[in-house]
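Enquirer: Chains B, C and D: place on chain A using the hints.
Below are the chains, spelled out letter by letter.
Number of protein chains: 4
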Amino acid sequence: MAGSSFGRIFRITTWGESHGPALGCVIDGCPAGVELSEKDIQPFLDRRKPGNAAVATARKESDTAEILSGVFEGKTTGTPISVIIRNSDQHSNDYDNLKDLYRPGHADMTYDAKYGFRDHRGGGRSSGRETAARVIAGSIAIKVLKELGITVEAYTRAIGPVEADLSEYSRSAVLANATAMPDINANARALEYIADMKNKCDSCGGVMECMIKGVPAGVGDPVFDKLDALLAQAVMSIGAVKAVEIGDGCKAAASVGSRNNDQFKAGSKGRISKRSNHAGGILGGISDSSDIIVRASVKPTPSISRPQKTVSNLGENTEIEIHGRHDPVIVPRAVVVLESMCAVTILDSMLYGMGSRIDNLISIYNK
Amino acid sequence: MAGSSFGRIFRITTWGESHGPALGCVIDGCPAGVELSEKDIQPFLDRRKPGNAAVATARKESDTAEILSGVFEGKTTGTPISVIIRNSDQHSNDYDNLKDLYRPGHADMTYDAKYGFRDHRGGGRSSGRETAARVIAGSIAIKVLKELGITVEAYTRAIGPVEADLSEYSRSAVLANATAMPDINANARALEYIADMKNKCDSCGGVMECMIKGVPAGVGDPVFDKLDALLAQAVMSIGAVKAVEIGDGCKAAASVGSRNNDQFKAGSKGRISKRSNHAGGILGGISDSSDIIVRASVKPTPSISRPQKTVSNLGENTEIEIHGRHDPVIVPRAVVVLESMCAVTILDSMLYGMGSRIDNLISIYNK
Amino acid sequence: MAGSSFGRIFRITTWGESHGPALGCVIDGCPAGVELSEKDIQPFLDRRKPGNAAVATARKESDTAEILSGVFEGKTTGTPISVIIRNSDQHSNDYDNLKDLYRPGHADMTYDAKYGFRDHRGGGRSSGRETAARVIAGSIAIKVLKELGITVEAYTRAIGPVEADLSEYSRSAVLANATAMPDINANARALEYIADMKNKCDSCGGVMECMIKGVPAGVGDPVFDKLDALLAQAVMSIGAVKAVEIGDGCKAAASVGSRNNDQFKAGSKGRISKRSNHAGGILGGISDSSDIIVRASVKPTPSISRPQKTVSNLGENTEIEIHGRHDPVIVPRAVVVLESMCAVTILDSMLYGMGSRIDNLISIYNK
Amino acid sequence: MAGSSFGRIFRITTWGESHGPALGCVIDGCPAGVELSEKDIQPFLDRRKPGNAAVATARKESDTAEILSGVFEGKTTGTPISVIIRNSDQHSNDYDNLKDLYRPGHADMTYDAKYGFRDHRGGGRSSGRETAARVIAGSIAIKVLKELGITVEAYTRAIGPVEADLSEYSRSAVLANATAMPDINANARALEYIADMKNKCDSCGGVMECMIKGVPAGVGDPVFDKLDALLAQAVMSIGAVKAVEIGDGCKAAASVGSRNNDQFKAGSKGRISKRSNHAGGILGGISDSSDIIVRASVKPTPSISRPQKTVSNLGENTEIEIHGRHDPVIVPRAVVVLESMCAVTILDSMLYGMGSRIDNLISIYNK
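Residue numbers (the working numbering), protein chains in the order written: chain A, 24 to 390; chain B, 24 to 390; chain C, 24 to 390; chain D, 24 to 390.
The following block holds chain A by itself, in its conformation from the complex (with noise of 0.2 Å):
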């Protein structure tokens, strides 16, 4: 039930219905001394915001986010951050004939019979609309891991069966194509079938990839701490997503030792790198200085206007069309909620692990 919250120190809690007055995250156990405003944020909800009329929905989601504590004279002061946005542009009649339905795909008979009610208007809780909260927390945590050396970068690496060239990858590519493709052809590509998707009253899924740089080895916790293991609730647990994978991933399964083993190289100063990385940066649930790779399959999105076989409240057999402004793929648009929640989720890890030696603690408490 109370699934809202996560992380262990900086543990987030979001909240907010689709089509409720306002949605938010608070976010706790964040470092003082981080400077901090609404204009750290807001790039971020941009990226989350539908754009694009080829690729999102019309719905207009100006997601103003707005800092109601935590930070003093523009600086975290290691109190809960509030961040509130204010819903506005609601259609919510649009989702009135659909009340007493189940469209496939979605939660709506799931939450009934969890709940036994639920709020229908855009599916409530289980929108997608819930991970503006998550960019919120994604953002300040990105900024955190900023001022530790640590980058992280998100973006999509296939469209449907549209897979982009990673060879000449560059972020403003990413940031600047549609598809949030950080390839040009592909993005060509992968926008026509969307709208071959669009016109055939069909959606479809993609595949998304975040790269995290400069994290120093020694971050997780074994044995169920994982590092690898967070990420995969963290990634999982965004809406759609079926499919989550730790560098090679599933192609590890069909490769032999003598390939898939990372052998160890030594560099300046002790530092040990390695001369490949299969791995995707992770080690024993513990990262080993590589990049760290995750991977996410999201599915087609669910709500298509073709009639469908559903069952009512009731328990009756009919069919559902579904109307109103809906996304044909979402992948673009979720790029920066799996960057965000790669970064809560890295930051979370090296805030808990600080201790992990005497030494560590001899350090900053004997100072």
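Everything labelled a hint here was simulated from the structure, so no lab data went into it. C-beta: ideal position from N, C-alpha, C; glycine also. Treat each hint with caution, since some may be false.
[Unchecked claim] Taking CB as the label site, the calculated pair distances span:
id : chain 1 : residue 1 : chain 2 : residue 2 : range
1  : D       : 215       : A       : 386       : 49 to 55 Å
2  : C       : 58        : A       : 385       : 54 to 60 Å
3  : B       : 208       : A       : 294       : 46 to 52 Å
4  : C       : 199       : D       : 219       : 47 to 53 Å
5  : B       : 294       : C       : 274       : 56 to 62 Å
6  : C       : 328       : A       : 97        : 28 to 34 Å
7  : D       : 291       : A       : 386       : 20 to 26 Å
8  : D       : 184       : C       : 338       : 45 to 51 Å
9  : A       : 348       : B       : 294       : 31 to 37 Å
10 : D       : 219       : C       : 346       : 52 to 58 Å
11 : D       : 62        : C       : 274       : 37 to 43 Å
12 : B       : 199       : C       : 172       : 54 to 60 Å
13 : A       : 123       : B       : 274       : 28 to 34 Å
14 : C       : 346       : A       : 96        : 19 to 25 Å
[Stated by the list, open to error] List of simulated lysine-lysine pairs, PhoX-like, C-alpha gap at most 25 Å:
id : chain 1 : residue 1 : chain 2 : residue 2
15 : B       : 292       : A       : 332
16 : D       : 72        : D       : 221
17 : B       : 274       : A       : 221
18 : D       : 274       : C       : 332
19 : C       : 288       : D       : 122
20 : C       : 221       : C       : 332
21 : D       : 166       : D       : 62
Expert: Structure of chains B, C and D alone, referenced to chain A:
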């Protein structure tokens, strides 16, 4: 640091190193009144035991479980169940020549980075032996779930390139085949492939899957403690797992909404079911009463006897050759670990969500 | 750091500083199906409001609660309930002359020691205003407990040396008296004592008590999450509380077993009760169906207008005089905070323990 | 249900029943690199052992600790430390005649109410024997705290009406006196009082106190995980404790602000101290660098050999006479348990708050 516990109510805590005197598990939060003895646990430990020379290490792990608390007159009392396994057949000296070298694909380097110090014998805490403690917890969770009409069954789907045919799934075949595949032909081909790997001083990985039947709709806690999110953490925390999928998993990314959506169907007594199960039994993080399907990709065993480049404790480049007793593939033995982690997660979510409606509280407390 | 959440299932998270734009509470894990509106919350906030010039600050805190999520068509949905109070009537400048000085008895120095930085206005996060957020959560918990036939009532037992006579306890007297005492005579004497303190530029403390009726036997989780242990945390976390007692509390130390033991008595329908209630309704950390009695000792308000020796931010000895609006005693306003924390703790423990027997699980899931 | 764990990073999990084969503790999250062996634990267990016939039970508890994991080559590895004590000298049959009767003052009735079933032998899980596991954890926490220059010392303040004189506190007296009082005269009078109780087939309670020296300012997490709040939970969770006080505790309620406020004083190197310590070392839930003072009131031992009215399992009124080996007062043996719980709480809060400032993170991770 304190990552050795999992679960919010049915909370398991594992402890023990590969070559220490013992290992074990404390299972807290188990409902009272369930019949339990060592006989319920042992068959699960035996499935994890290396049995078939072709696929597994020659290390003879007797793994005899002893219940030390939480059971009285043959029934659980609701208090912590402590179960211990004494280690035996330890060839700790096998590892003496490796103690200053970081084995590629293992956690030696990352443990040193985190803790500044490690028990090098057989991987210490990062050894696969830790999973014996998980199997203890899993066997108990499975016993409890059985009282609720729920079954949890895992099996091998693929070893390297050899895929099983699930069309004629039989539980007895899974338990009889050395590969834990449900398919005799694939089992034979996989054994050949494994033998080939062994001859080449190499190793391979594979895919395992778990099917949970009988979970009613309504289990799981939005938004971070979604049932699939917690399953992802639970399964990714198993050593060597590099990907976790729910239902169609990665394949969903290339599907389209009209095909991927599972349409609903009304049954007798108001029961609602789905006409397909691409979702793998979970919608919006909550069970939908279809079979829950969890899949994990396992990397090839990192211990191979070929020479590999590595680095020593002192930061010098060198080579390593790993001898001793190692599985050329761990999937067949890991299947029961997957089963265990799924069972623990499902039971914990069922316990955690009991009060999702005020009516449930009233029915329990106002009797 | 992330200490702003409390509860394992009914989990509350408070946020906000004394002089920030707003404060609030997120209540997660509330069962679905409970009627709730701002009207249920406001009376509790009003009890915390400074009302009587004799006992409380002249600061006019309107404290109007707004529910932003988790309630739909007048009922809780089971999703997080976010409630916000906008701050108003802020005299932040009152604190400007204090910003470099550590007020004795306040947390100014310790916040600086921990965070290196603080919002000095009115104590920031350490202000008593934070308790308004707890009262929001408490009012909701009390509403839920009412559905289970449980009542939670707190009152003032003593103000300085003036003790109330509980022999003629009446709830309406508690709510009518400015001191929240159940006794008109004591109320009058306490008001005189408070006036005297005010004249002397001094302050006083007192004792408050909470009585919870109707909790069935069997609530609480051994051995660290005992019901009394969690109540102790909950109550000691209220600012200015220096002692927590259960039942006879401190007096039990000087009693003898033959007197302190509550002997049992059989009632109709197999109900077992106790012939006395020295234990205060809890045995071995589990409720025994008698009234649960929790008592808290509250220190004198630290803000007094007399000159006091202190130290500045820069580590120099100096004097401080605190002017502005301060309660000469906070007990009357804290009574509803005690009530709130007790209610939250009891409800959380009831939710958490629902699956203590396998039969309970079967009754919920196999219906 | 899963209440047998305590701590957020330094997390301890106890298990075991009074008359089961063994009991133990798993200590997770202990920093790596601390020298540890059974020799560090045993003296603490010995202090808990019944030694003096006048004050304690004749049950001979050898309580020999065995470390099973988490220590390698004499040092902690950062992984879970499992410590076990085999039970011996069990007179389980002593309890056979009580198995259907609820002992007044004990948890027999409430365990049955919660779990529907219990191990009746010696109180099972609710027995004071469980505290041996806490002492194991405490002895390790105390060893770690010592590395940080922190000492934790508990002692008896009162037995029944006999109060100790703390003015000439000496640690060796505490350890030498059978009552764990620091005062020889009081010790003698208390022993007389206890002997008198024993002759009367009665029992008595008392007060114990813990003094923690050397904790730097800045430890504790507002607002629910305040250091005093967590200490309150930790100490109230010890069986038979009915009140917890910090600093002046209950007495603060009758004090006035001008006296109760501890004024500040500047020392060398910018160190700030308090001119008195009514607060008991904690302001706003955060340590202030003064001694931390925690006090607990302990009820009289409930097992007395006088006839008492009670009820049977079947709900029938009857009488009970409890024979066997019981302490007429448990305070002297509980002192080391208080010490243990305080140490565990302080260490956990120190670990948890290491990242309260961004500078701390930078100093640990960017070295």
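Enquirer: Indicate, hint by hint, whether the structure satisfies it.
Expert: Consistency of the hints with the structure:
1. For residue 215 of chain D and residue 386 of chain A, the hinted distance range of 49 to 55 Å is satisfied, since their beta carbons lie about 52 Å from each other.
2. Our hint of 54 to 60 Å for residue 58 of chain C and residue 385 of chain A holds, since their Cβ atoms are close to 55 Å apart.
3. About 49 Å separates the C-beta atoms of residue 208 of chain B and residue 294 of chain A, a value consistent with the hinted range of 46 to 52 Å.
4. Separation of residue 199 of chain C from residue 219 of chain D is about 49 Å and conforms to the stated range, judged on CB atoms against 47 to 53 Å.
5. Distance hint for residue 294 of chain B and residue 274 of chain C: a CB-CB separation of about 58 Å, consistent with the stated range 56 to 62 Å.
6. One distance hint, 28 to 34 Å for the beta-carbon pair residue 328 of chain C and residue 97 of chain A, holds here, with the actual separation near 33 Å.
7. Separation of residue 291 of chain D from residue 386 of chain A is about 22 Å and conforms to the stated range, judged on CB atoms against 20 to 26 Å.
8. Under the hint 45 to 51 Å, the C-beta atoms of residue 184 of chain D and residue 338 of chain C, about 46 Å apart, fit the expected range.
9. For residue 348 of chain A and residue 294 of chain B, the hinted distance range of 31 to 37 Å is satisfied, since their beta carbons lie about 33 Å from each other.
10. With their beta carbons about 57 Å apart, residue 219 of chain D and residue 346 of chain C fall inside the hinted range of 52 to 58 Å.
11. About 41 Å separates the C-beta atoms of residue 62 of chain D and residue 274 of chain C, a value consistent with the hinted range of 37 to 43 Å.
12. Between residue 199 of chain B and residue 172 of chain C the beta carbons are some 56 Å apart, a value that agrees with the proposed interval 54 to 60 Å.
13. At about 32 Å, the CB distance of residue 123 of chain A to residue 274 of chain B agrees with the hint of 28 to 34 Å.
14. A C-beta distance of roughly 23 Å is found between residue 346 of chain C and residue 96 of chain A, which places it inside the suggested range of 19 to 25 Å.
15. Of the pairs offered as hints, the one joining residue 292 of chain B and residue 332 of chain A holds, with about 19 Å between alpha carbons and a cut-off of 25 Å not exceeded.
16. For the hint linking residue 72 of chain D to residue 221 of chain D, the alpha-carbon distance of about 19 Å falls within 25 Å, and the restraint holds.
17. About 21 Å separates the Cα atoms of residue 274 of chain B and residue 221 of chain A, which keeps this hinted pair within 25 Å; it holds.
18. The suggested pairing of residue 274 of chain D with residue 332 of chain C holds, with an alpha-carbon distance near 23 Å, which does not exceed 25 Å.
19. Between residue 288 of chain C and residue 122 of chain D the CA atoms are separated by roughly 17 Å; this keeps the pair inside 25 Å, and the hint holds.
20. For the hint linking residue 221 of chain C to residue 332 of chain C, the alpha-carbon distance of about 20 Å falls within 25 Å, and the restraint holds.
21. Pair hint residue 166 of chain D plus residue 62 of chain D holds up; C-alpha atoms about 11 Å apart against a cutoff of 25 Å.
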